[in-house]
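Asks: Be aware that the sequence shown starts at 1, since it is given in our numbering, and climbs by one per residue.
Treat each hint with caution, since some may be false.
Said to hold, decoys possible - BS3-like mimics (lysine-lysine), calculated; alpha carbons at most 25 Å apart, straight line:
#1 Lys399 x Lys380
#2 Lys297 x Lys177
#3 Lys314 x Lys380
#4 Lys297 x Lys314
#5 Lys353 x Lys223
#6 Lys380 x Lys293
#7 Lys293 x Lys356
#8 Lys122 x Lys37
#9 Lys353 x Lys314
#10 Lys223 x Lys293
#11 Lys122 x Lys177
#12 Lys93 x Lys380
#13 Lys216 x Lys177
#14 Lys399 x Lys353
#15 Lys216 x Lys37
#16 Lys37 x Lys124
#17 Lys380 x Lys216
#18 Lys124 x Lys39
#19 Lys37 x Lys93
#20 Lys314 x Lys216
#21 Lys353 x Lys293
#22 Lys93 x Lys216
#23 Lys314 x Lys382
#24 Lys216 x Lys356
#25 Lys122 x Lys223
To be verified - What follows is a list of derived Cβ distance ranges for each label pair:
#26 Gly83 x Arg365: 17 to 27 Å
#27 Phe140 x Lys380: 40 to 50 Å
#28 Ile22 x Lys399: 30 to 40 Å
#29 Gly252 x Val183: 20 to 30 Å
#30 Lys399 x Lys37: 12 to 22 Å
#31 Tyr300 x Phe84: 26 to 36 Å
#32 Gly83 x Pro270: 43 to 53 Å
#33 Thr33 x Phe98: 42 to 52 Å
#34 Ser257 x Asp151: 32 to 42 Å
#35 Leu118 x Arg340: 17 to 27 Å
#36 Gly268 x Ser163: 22 to 32 Å
#37 Leu167 x Arg121: 48 to 58 Å
Hints listed in this document are in silico derivations from the structure and should not be mistaken for laboratory results. Here the structure is a predicted model, which means the values were calculated and not measured. Cβ atoms here follow ideal geometry from the backbone N, Cα and C, with glycine treated the same way.
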Amino acid sequence: TLLLALVLGLMLLIRPVNILIILALPILFPSFTEFWKTKKKLIISFPTNVLSALILLCLGSIQLLAWYAQTGDFIVWSYSNEGFYFLNPELYKFLFSFRKGLFIYTPFVFISLFVYVLAMRKYKYKLSYALGFALFLFYFLSSWWNWYYGDSYGSRVMIDYMSIIALLFALGMQDLKILTQRVIVIISALFIVLNGLQTYQYHYRIMHRFDMTAEKYAYIFGKYSDDYVNILGGNDDVVSYHTNPLQEIYYGIIDFSNNDNNEHLYVGVPIINDKKSNYLSFNSDNEFGLSFKLPAKLFYNYREAYLELSNTTKLIEGNLNSVFWIISYMDSNHEVYYYRGIKINGIPTDINKSRKDTYRFNLQRPMSHDDIIHIAIWNKSKASFLLGDLELTISGIIK
1 TLLLALVLGL MLLIRPVNIL IILALPILFP SFTEFWKTKK KLIISFPTNV LSALILLCLG
61 SIQLLAWYAQ TGDFIVWSYS NEGFYFLNPE LYKFLFSFRK GLFIYTPFVF ISLFVYVLAM
121 RKYKYKLSYA LGFALFLFYF LSSWWNWYYG DSYGSRVMID YMSIIALLFA LGMQDLKILT
181 QRVIVIISAL FIVLNGLQTY QYHYRIMHRF DMTAEKYAYI FGKYSDDYVN ILGGNDDVVS
241 YHTNPLQEIY YGIIDFSNND NNEHLYVGVP IINDKKSNYL SFNSDNEFGL SFKLPAKLFY
301 NYREAYLELS NTTKLIEGNL NSVFWIISYM DSNHEVYYYR GIKINGIPTD INKSRKDTYR
361 FNLQRPMSHD DIIHIAIWNK SKASFLLGDL ELTISGIIK
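Starting from the given sequences, assemble the full structure and let the hints guide the process.
Replies: Given below as structure tokens:
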């Protein structure tokens with residue numbers, strides 16, 4: 001009992017949400033009645049219970065005392081402007097998305113649950129409780145506003161619970177026939193090898209840090225050479241936690257042929273007109289040629305702001321691997337203090353192939369409302385290509 005209190009206290013101190021692991025304990029027992037009987041046996045005596053409570057209190061108070069020493073408050077919510085969407089969890093994305101989907105990047109979890117269902121289908125208590133715990137865990141974790149939990153290979157938030165997944169796998173395997181066991185072991189081994197290979201891709205930036213899609217996944221699948229390092233582009237920042245809808249601040253369909261209607265637009269490359277739309281023509285003679293300026297005062301008073309940008313590109317010659325959208329911030333002294341660039345294409349395209357990409361950027365808060373935001377194309381590789389169908393939206397979250 002004291003050892004369990006010590007382990008639980010450390011768990012609570014390091015990552016409080018992991019207290020959910022208590023809910024998994026009944027999985028170890030043939031019935032909830034047996035679990036309850038065992039729990040009663042652990043409650044040995046009143047002194048033991050008091051000592052266990054003191055262990056929990058002492059370990060749990062370390063963080064409270066640290067907060068008080070630094071801020072004067074025992075409780076500090078360090079995740080300001082963050083929270084859970086319990087009424088709108090991203091459960092499907094959490095499990096199946098090519099961005100960080102658990103079953104996509106750690107298929108052993110799916111195999112483990114399948115094995116457990118296969119073996120325990122006759123034992124209603126074990127099956128229903130284990131699946132109920134797994135579903136509750138997935139629901140809880142997928143309710144966090146950033147359901148993929150930032151840059152990582154796969155779902156990093158599930159690492160703490162892999163021991164439970166392995167336990168379900170082991171409990172299920174021991175009740176299966178030997179031939180079935182061998183087939184499952186072979187499949188599991190292949191998935192583990194795939195895990196290792198894809199971890200290699202992530203480490204060497206063949207795989208995008210956070211913005212993966214089914215298209216990107218298929219493009220780099222089985223690719224490990226240096227030719228594929230940093231080959232993927234695009235950007236799709238998740239919108240921060242908010243209780244009110246995003247408010248549209250600015251929207252524009254950019255007409256390159258009419259600069260009079262776009263006071264913030266600079267076009268310094270040839271414009272090609274056709275019956276449907278107009279395109280800018282970039283080639284080896286122009287490394288730059290499109291710049292769009294926005295005053296920072298548009299979104300300075302918002303808590304968060306997001307730029308959504310879409311365009312169509314058509315490659316004529318060369319490649320677009322070194323063509324970027326650039327976002328930079330300039331103060332009143334014309335000094336650049338923030339700079340960000342992303343590849344214009346999600347994946348490389350073939351000659352004479354058109355492609356449409358959509359991007360979303362979390363805009364850094366400007367230092368002053370007088371600053372200017374520059375959005376521009378940098379044709380670093382000096383490729384020949386057309387760019388058109390440019391749409392731009394800025395949305396914000398009110399403070």
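Asks: Now tell me if each hint is right for this structure.
Replies: Right, here's what the structure says about each hint:
Under the criterion of a C-alpha separation no larger than 25 Å, the hint pairing Lys399 with Lys380 is inconsistent with the structure, at around 38 Å. Only pairs whose Cα atoms come within 25 Å are accepted, and Lys297 paired with Lys177 is rejected, the gap being roughly 68 Å. At most 25 Å may separate the alpha-carbon atoms for a hinted pair to count; Lys314 and Lys380 meet this at roughly 16 Å. Taking the CA atoms of Lys297 and Lys314, the gap is about 34 Å. The hint is violated against a cut of 25 Å.
Distance restraint check for Lys353 and Lys223: the Cα-Cα separation of roughly 22 Å lies within the 25 Å cut-off, and the hinted pair is therefore satisfied. For the hint pairing Lys380 with Lys293, the CA-to-CA distance comes to about 20 Å; that is within 25 Å, so the pair holds. Between Lys293 and Lys356 the alpha-carbon distance is near 23 Å, which keeps this suggested pair within the 25 Å criterion. Note on Lys122 and Lys37: the hinted pairing holds, with a Cα-Cα distance of about 23 Å set against a maximum of 25 Å.
About 6 Å separates the Cα atoms of Lys353 and Lys314, which keeps this hinted pair within 25 Å; it holds. A threshold of 25 Å between alpha carbons decides the hint, and for Lys223 with Lys293 the separation of about 39 Å lies outside it, so the pair is violated. A distance of roughly 15 Å separates the Cα atoms of Lys122 and Lys177; the hinted pair therefore holds under the 25 Å criterion. Taking the CA atoms of Lys93 and Lys380, the gap is about 35 Å. The hint is violated against a cut of 25 Å.
A C-alpha spacing of about 39 Å is found between Lys216 and Lys177, which places the hinted pair above 25 Å, so the restraint is violated. The suggested pairing of Lys399 with Lys353 is violated, with an alpha-carbon distance near 43 Å, which exceeds 25 Å. Distance check on the hinted pair: Lys216 and Lys37 sit about 52 Å apart at the alpha-carbon level, beyond 25 Å; violated. Between the alpha carbons of Lys37 and Lys124 the distance comes to roughly 20 Å, so the proposed pair stays at or under 25 Å and holds.
Between the alpha carbons of Lys380 and Lys216 the distance comes to roughly 23 Å, so the proposed pair stays at or under 25 Å and holds. Between the alpha carbons of Lys124 and Lys39 the distance comes to roughly 21 Å, so the proposed pair stays at or under 25 Å and holds. Between Lys37 and Lys93 the alpha-carbon distance is near 39 Å, which puts this suggested pair outside the 25 Å criterion. For the proposed pair Lys314 and Lys216, the alpha carbon gap of about 19 Å is at most 25 Å, so the pair holds.
Straight-line distance between C-alpha atoms of Lys353 and Lys293 comes to about 29 Å, which puts the hinted pair past the 25 Å bound. Among the hinted pairs, Lys93 with Lys216 is consistent with the structure: their alpha-carbon atoms are about 16 Å apart, no more than 25 Å. Restraint check: the Cα-Cα separation between Lys314 and Lys382 comes to about 14 Å, which is no more than 25 Å; the hinted pair holds. Note on Lys216 and Lys356: the hinted pairing holds, with a Cα-Cα distance of about 14 Å set against a maximum of 25 Å.
With a C-alpha separation of about 43 Å, the suggested pair Lys122 and Lys223 falls outside the 25 Å cut-off, and the hint is violated. In this structure the supplied range 17 to 27 Å holds for Gly83 paired with Arg365, their Cβ-Cβ distance being about 20 Å. Between Phe140 and Lys380 the beta carbon distance is about 44 Å. The supplied range of 40 to 50 Å therefore holds. Evaluation of the 30 to 40 Å hint for Ile22 and Lys399 yields a pass: the beta carbon distance comes to about 38 Å.
Taking the beta carbon of each, Gly252 and Val183 are about 57 Å apart, not inside 20 to 30 Å as hinted. Checked against the given bound of 12 to 22 Å, the beta carbons of Lys399 and Lys37, roughly 54 Å apart, lie outside it. Restraint check, Tyr300 to Phe84: a C-beta distance of roughly 29 Å satisfies the suggested window 26 to 36 Å. The hint said 43 to 53 Å for the Cβ distance between Gly83 and Pro270, and at roughly 49 Å that hint holds.
Look at Thr33 against Phe98: about 43 Å separates their beta carbons, and that is inside 42 to 52 Å. Under the hint 32 to 42 Å, the C-beta atoms of Ser257 and Asp151, about 40 Å apart, fit the expected range. Evaluation of the 17 to 27 Å hint for Leu118 and Arg340 yields a failure: the beta carbon distance comes to about 48 Å. Distance hint check for Gly268 and Ser163: the Cβ-Cβ separation is about 59 Å, which falls outside the suggested range of 22 to 32 Å.
Roughly 18 Å separates the CB atoms of Leu167 and Arg121, a value that falls outside the hinted 48 to 58 Å.
In this structure, the earlier hints numbered 1, 2, 4, 10, 12, 13, 14, 15, 19, 21, 25, 29, 30, 35, 36, 37 are contradicted, and the remaining ones agree with it.
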